[in-house]
Amino acid sequence: VYRLKELAALVGGKVVGDGETRISEAAPFEAASEGAITFAASDRLIAQVESSDASAIIVPSGDYASAKALLVVDQPKVAFAKILARLTQKPFIATGISELASIGRACEIAEAVSIHPFVRLADGVSIGSGVTLHPGVSIGKGCVVGEECTLHSNVVLYPGVRLGARVTIHAGTVLGSDGFGYVFDHNHQLKIPQTGRVEVGNDVEIGANCAIDRATFGATVVEDHVKIDNLVHIAHNCRIGANTVIVGCCGISGSVEIGRNCILAGQVGIADHIRVGDNVKILARAAVFKDVPSNSTISGTPARDHREELRAQAALRRLPELRRRLRSRGDEERDR
Amino acid sequence: VYRLKELAALVGGKVVGDGETRISEAAPFEAASEGAITFAASDRLIAQVESSDASAIIVPSGDYASAKALLVVDQPKVAFAKILARLTQKPFIATGISELASIGRACEIAEAVSIHPFVRLADGVSIGSGVTLHPGVSIGKGCVVGEECTLHSNVVLYPGVRLGARVTIHAGTVLGSDGFGYVFDHNHQLKIPQTGRVEVGNDVEIGANCAIDRATFGATVVEDHVKIDNLVHIAHNCRIGANTVIVGCCGISGSVEIGRNCILAGQVGIADHIRVGDNVKILARAAVFKDVPSNSTISGTPARDHREELRAQAALRRLPELRRRLRSRGDEERDR
Amino acid sequence: VYRLKELAALVGGKVVGDGETRISEAAPFEAASEGAITFAASDRLIAQVESSDASAIIVPSGDYASAKALLVVDQPKVAFAKILARLTQKPFIATGISELASIGRACEIAEAVSIHPFVRLADGVSIGSGVTLHPGVSIGKGCVVGEECTLHSNVVLYPGVRLGARVTIHAGTVLGSDGFGYVFDHNHQLKIPQTGRVEVGNDVEIGANCAIDRATFGATVVEDHVKIDNLVHIAHNCRIGANTVIVGCCGISGSVEIGRNCILAGQVGIADHIRVGDNVKILARAAVFKDVPSNSTISGTPARDHREELRAQAALRRLPELRRRLRSRGDEERDR
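Residue numbers (this note's numbering), protein chains in the order written: chain A, 15 to 350; chain B, 15 to 350; chain C, 15 to 350.
Bound-form chain A, shown alone:
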C-alpha cells in the first residue's frame, strides 16, 4: 500500500486533493474500485471522474476542481504504467541452480541466479547476476546472458548468442537457428553453412514462439529497447534498430535493415535486403518490396505511401460502378 503523494513523487506528478489517500492496486477505469488508482486519458473518461469508484485518478495537465483525489501528470498512461509496475513488482529472489539442471564445463554463472529444473547450459556459457532461466531453457556453447535477463520456459539459444542486460524472452522462442541459405547445385539445394551469430542489446523483449536466425557471416542484430511480439520470424543478417516495435506474426527476410523507432504492425512482411529508415510506420499486413525512406507511413501489398494506398482502395471500391458508367456511355455513343 502506498500513499498517493508517494506515487506522485514516483512519477513526478501533482496531487489535487488528499495526498494521504491509500492506494493498494491499479486498475482500468471501468474496473477501479476503492483502494485503486486508475487513469483518465480521454475527454470521455475525464468527464466521468466524479462518478468513478476509484480512490484516485491520474489525469492530464489542466484545471480540476474535484472531490476525488487526482494525480495530474503530463502523460497519464505512462504514469499509470509506472505506478502499476510499482504496485505489482515482485523482488527477484535467487533460488540458485536447481539440482535438476544440467550445467556444462567452464560456465561462468553469477551467484544471484534462478536456474530452474531441466535447464541445460552447454560448455562455456556466461550467466549474469539476477538472471532467471525457466524450466526447459536450452543454452548453446559460449552464449552470454546479461544481467537481469529472464528466459521463459523452453527458450532455446543456439551457440554463440549474446544477450545484453534486462532482456526478456518469452516461452518457446528460438535464437540463433541457421539462416535459410542455400545455393542450387545441379539438382539439389546445397546448404551454405551459417557461421555467424545473434546479438541482442539491452532492454529488449521478445514474445513467444518467435525465431531469430543467426547470420551467415557476422551477426543478426537486435538493438537496445526493441520490442517484439509473438510468432515473429527474423531471418539471417537482419538488423533491427533501437526502440523499434514489431507486432505479432511479422516475417522479416534475410539482410533486412530496419531503422530506429519504427513500428511494424501485425502480419507485416519484408522482402530480403530491404532498407527501412528511422521512424517508419508499416501498417498491418503490409508487404514491403522496396526500400522505405525515414519518417514514412506505408501500407498495402505491395506497400506504398499510406495516403496513396487509401486513394487506390477508394478507387477500387468504386470500380464496379465505374465500369457500369463506362459501359452505358459506350452505348450512348454507339446510339448517336
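Honestly, the hints are just simulated from the structure, not real lab data.
There's no promise every hint is true.
Since copy identity is lost for identical chains, a pair holds within one copy or between any two.
[As the list claims (entries may be wrong)] 25 Å max Cα-Cα, derived SDA-like pairs, lysine to any residue:
| hint | residue 1 | residue 2 |
| --- | --- | --- |
| 1 | Lys19 | Glu34 |
| 2 | Lys19 | Lys205 |
| 3 | Lys295 | Ala55 |
| 4 | Lys28 | Val197 |
| 5 | Lys155 | Asn216 |
| 6 | Lys205 | Val92 |
| 7 | Lys19 | Pro316 |
Just so you know, these numbers come straight off a predicted model, no measurement behind them.
Put chains B and C on the given structure of chain A with help from the hints.
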C-alpha cells in the same frame, strides 16, 4: 472388432443388409478394403458403392437396394468420425508421476494421471483426473488443469492459467505469455505490466506452436468447444466465443471479441479492439479492420462483404482492358 | 588450413596463380582478409578482384591475368559454399546417451549417437548412427530417426513419425501433431481422429518453430531434399515434392500436393486440396486458391500468372487518375 449393428446403435443409424458384418477398421472410400467401414457422402461416391471393397458403407438417408451392407444415417461424415473414434480409441492408462518430473509445493494432483519425464509443475498447481502431461511440459504457479486434459510435449502454461475439462493442447504451444503492451515514454517503450490471466473452457483443442497471451487486467478467454489450429497468435484480452474455429496462422490482436460459431480461415488477421458477431465466416487471408455483424461472410484486405469483394476482384481483373478501351475512345474523340 | 590446390580439387576448379596459397577461412567479399578465400560472382566484384585483401578469390569461367590467386569454376557460389563447409565442418563426436536422458523400452539406438540431457524417447523408437538429439527433444512411440539426423533443442516428434537420413530439424519444431479435422455435429465441432503419420525423406532441413501435422489416414509426406524455413505450417495429408523450397511463415492447408523443384516465397498461403505442379515459383505473400500448372510463376491474392498480376497492379496504381479522366470527360460531354 465390432458388428455393424453395434456401430449402427452407436450412431443411431439403420442397417441395410447384414448387421452381423464384422468391422475392424474405418478407412477413406478409396482405401477401404475388407473388414473396413467407410462412408459415401457425395452422389459420385454413392454411385460407386457396389464396386467398393469395404465391408460396409455409411450412406445418407435414402432408398437403397444393395448387395453391400449399408449403414444409413442423417450425417454420414459425423457417423464416420464417431465410428473411427470408437475403433481407434485407446483407454487412458494412468502411469502416475514420473520420477524424472519435478513437482512444486502445495500441488493438488489427482490419482489417475500420467505425468511424463521432464515435466515441471511450479507451486500450487492443480491437476485433474485423467490428465496426461507429455515430456517437457512446464506449468506455472497456481495453474489449474481440468479433468482429462492432454498437454503435448513442451507446452508451457504461465502462472495462473486455467484450463477446463477435456482440453487438448498440442506441442510447443504457450498460454499466458505477457500481452504486448507498451506506452511510449520519451525515448523508449515502457512496459505495461500484464497482470491478468488466460482462461480456457471445456472441450477446447489448440494446435502446435500457438501463443495466447494473458490479459493486461482480467482474462483472455477461450470459451467452450473452440478449436484452434497451428501457429495461431491470440493477443491479450481477447475473447473467443464458444464453438468458434480458427484455422492455422491467424493473428488476432489485442482486445478482439469474436462471437460464437464463427470460422476464421487460414492466415486471417484481425486488428485490435474489433468486435466480430456470431456465425461469422472470415475467409482465408482476410484482414479485418472494422467490426463485423453477426451472420456475415467477409473476405479481402481490408475485409468486406464477400460478394462485394468478389465484384471488386472481377472488376480488377478487367481493369487493364478497361484502360485500353478508355484510351482508344479518347483517341476517337480527339479524331472527331 | 588448406592449400588452394586442395580446395580446387574439392570443387573441380582450376587455379590461376599460386596453388600453394594457404587458406584458413572463407569470408564474404567485403570482409575477406589475408588467409581467406572469397568469391566474386558479379561483374562489379570481379572488377575489384585486384584490390581485395583475400588470399584467393573464386571467379566464374573466363580469361584472367591477375596477381591474385584465383580459383576458376562454373558456379562460384556453389564452390564457395562447398569450401566454406569444408573449412568450418566439425567432425561428429558421439557423446553417447546422457544419464539425464530418459529412454523407453524396446528402443533401437545405434552406438555412435549424441543424446543430450532431458531428451525423452518413448517406447520402440529407432535412432540411427550419427544422430544428435539436443536437449529437450521429445520423440513419440515407434518413431524412426535415420542416420546422421540432427534434432535441435525441444523438437517434438509425435508417435510414428519417420525421418530419413541426414535430416536437420531446428529448435521447437513439431512433427506429427493432429491434423485439424472436425465435422459439425449439431452444436459442436466433433473431432475426426487423426490416425496417420508424417514421413520425411532424406537430406531435408526444417526450420525453427514449424508445425507439420500427421495425416488423417496415410501420411503427410515431405520428400527428399526439401528445405523449409522457420514458422511454416503444413497441414494434414500434404505432400511436398523433392527439392522444393518453402520460405518462412508459409501456411499450407490440408491435402495440398506440391510438385518438385518449387519455390514458395515468404508468407505464401495455399488453400486446401490445391495441386501445384513442378518447377512452380509462388512469389511472396501470394494466396493460392486454385491449381497451379507446372513451370508457372504466380503472385497476388488471389494468386494468378505473375505478369497478369503486374499488369493489374499497374492499372490499379493509375486508377485514381483514370477516374479523374473519366469524370472530366463526362463533364465535357455534358457541356457539348
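Homo-oligomer pair classification [Val197, Lys28; C-alpha up to 25 Å]: Classified as between; 21 Å across copies, 63 Å inside a copy.
task: If the cutoff is 25 Å on CA atoms, where do Lys205 and Val92 land: within, between, both or neither? Let me know, please.
output: between (48 Å within a copy, 9 Å between copies)
- prompt: From the Cα coordinates, with 25 Å as the cut-off, is the pair Lys19 and Glu34 best called within, between, both, or neither?
  reply: within (6 Å within a copy, 78 Å between copies)
message: I want to check one pair: Lys19 and Pro316. Are their C-alpha atoms no more than 25 Å apart within a copy, between two copies, both, or neither?
response: This pair counts as neither: shortest intra-copy Cα distance 52 Å, inter-copy 48 Å.
field: 25 Å Cα threshold - placement of Lys205 relative to Lys19
entry: Between copies only: 23 Å across chains, 62 Å inside a chain, cut-off 25 Å.
- request: Classify it for me, Lys155 with Asn216: is the Cα-Cα distance of at most 25 Å met within a copy, between copies, both or neither?
  value: within (21 Å within a copy, 28 Å between copies)
- prompt: Is the C-alpha distance from Lys295 to Ala55 at most 25 Å within one copy, between copies, in both cases, or in neither?
  reply: For Lys295 and Ala55, only the intra-copy Cα distance (23 Å) is at most 25 Å; the inter-copy one is 35 Å.
Checked against the numbered hints above, the structure breaks only hint 7 and satisfies the rest.
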